[in-house]
Amino acid sequence: MAKKKVNFELMLTPFIDLFGVLVSFLLMTAVWNHLAILSTDTAAVTSSDEPPPVSSAKKVMLSVTVLPDRIELAEDERGTNIPHLSTAEVNKDRLIEILQDWKNKYPDRSDVVLNTENSVPYQHLIAVFDTLVGNGWPDVGVSTQ
Amino acid sequence: MEIKGSTKRLIENPGYHIKPKYDLKQLRKRVKGENERDYDVVLPLTSMIDMLSMLTIFLLMNFSATGEAFFINKDIRLPAAHHARPLESLPLITVSPNTVSLDSDVVGSNPTEITMDDDIPQLRLALQKLKGLQKNLETAGIKPKTQINVQADLSTPVLYVKRVMNILISEGFTGINFAVRDLSQE
Numbered sequence: 041m042a043k044k045k046v047n048f049e050l051m052l053t054p055f056i057d058l059f060g061v062l063v064s065f066l067l068m069t070a071v072w073n074h075l076a077i078l079s080t081d082t083a084a085v086t087s088s089d090e091p092p093p094v095s096s097a098k099k100v101m102l103s104v105t106v107l108p109d110r111i112e113l114a115e116d117e118r119g120t121n122i123p124h125l126s127t128a129e130v131n132k133d134r135l136i137e138i139l140q141d142w143k144n145k146y147p148d149r150s151d152v153v154l155n156t157e158n159s160v161p162y163q164h165l166i167a168v169f170d171t172l173v174g175n176g177w178p179d180v181g182v183s184t185q
Numbered sequence: 246m247e248i249k250g251s252t253k254r255l256i257e258n259p260g261y262h263i264k265p266k267y268d269l270k271q272l273r274k275r276v277k278g279e280n281e282r283d284y285d286v287v288l289p290l291t292s293m294i295d296m297l298s299m300l301t302i303f304l305l306m307n308f309s310a311t312g313e314a315f316f317i318n319k320d321i322r323l324p325a326a327h328h329a330r331p332l333e334s335l336p337l338i339t340v341s342p343n344t345v346s347l348d349s350d351v352v353g354s355n356p357t358e359i360t361m362d363d364d365i366p367q368l369r370l371a372l373q374k375l376k377g378l379q380k381n382l383e384t385a386g387i388k389p390k391t392q393i394n395v396q397a398d399l400s401t402p403v404l405y406v407k408r409v410m411n412i413l414i415s416e417g418f419t420g421i422n423f424a425v426r427d428l429s430q431e
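Line by line, the protein sequences give chains A and B. Under my numbering, the first sequence has 103 at position 63, and the numbering climbs by one with no breaks. Under my numbering, the second sequence has 249 at position 4, and the numbering climbs by one with no breaks.
The set of hints was computed from the structure by calculation and includes no laboratory data. We put the CB at the ideal spot given by N, CA and C, even for glycine. Be a bit skeptical, because a hint or two may be false.
[What the hints assert, rightly or not] Output of the computed footprint for chain A on chain B, the stretches with three or more beta carbons under 8 Å from beta carbons of chain A:
id, segment
1, 287 to 299
2, 323 to 335
3, 388 to 402
Using the sequences and the hints, build the whole thing.
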């Protein structure tokens with residue numbers, strides 16, 4: 041009785057060719073930096089010569105001001121200060137607590153004005169912006185004043 | 246060659262069996278012709294295939310089908326954010342420590358001392374040209390893009406970014422997107 045052939049030869053050459061082409065293609069299309077955007081609609085908050093439209097109910101002005109050594113959160117005239125943890129890091133935890141407090145007080149609101157002092161590093165602006173967007177305040181207007 | 250008998254014996258040609266005190270091994274090899282180089286090269290295919298498969302898996306995980314171009318300046322370290330949204334293909338303004346660029350063209354400089362009133366005339370001209378192009382697109386029925394991407398180094402004072410923002414707003418680009426490093430996928 042003829043024995044079954046058990047020797048099986050793998051075709052390595054086309055296998056390696058396939059891998060070579062796949063690796064070249066994937067190297068060309070690989071994404072090394074994941075980038076994203078934080079968007080702001082400045083038309084809503086920049087100053088203009090026209091007076092703002094008068095609404096029947098007085099809307100509380102919510103603003104966050106980033107200064108070199110602290111963050112000031114203001115509801116109209118009432119303010120809260122949050123000192124930075126260090127020159128390179130803002131106190132996000134305390135900021136989140138206050139934002140959640142604001143959310144409880146004003147559940148229908150999602151807009152806030154973000155002001156910055158001119159010497160503040162750009163990373164602080166982005167850090168506060170990101171914290172606002174991630175904690176229920178997606179409509180952030182960046183003031184250019 | 247096997248010989249019939251009670252025990253099996255293998256007859257071999259007698260080889261070199263005398264070992265003198267000073268054995269010239271290399272000379273013996275050369276005389277016999279055993280000193281030839283072995284030209285058969287054995288490729289380590291198993292390890293090559295392992296390496297290729299690891300590389301393929303790694304690159305597959307980094308694959309992106311969107312294929313959007315984004316000019317990343319080597320002088321710029323982007324700040325990171327966790328709650329950003331995907332990048333859109335829009336005109337890009339780069340505020341580096343020394344220059345301001347629109348896409349890849351340098352349109353202004355960043356002196357050490359500036360004020361908010363300092364203008365960037367070349368940037369204004371470039372934005373006006375862009376606005377004109379978008380008006381043409383509008384007449385052709387394509388919705389114009391009023392948004393613009395801005396990227397800056399994380400240590401840049403906000404004044405430089407605000408100056409650019411003021412110019413953008415005055416030229417009608419009110420939708421400003423700040424480009425950041427996306428940490429939500431990490």
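| Hint check against the structure, violated hint numbers in rising order | The structure breaks none of the hints.
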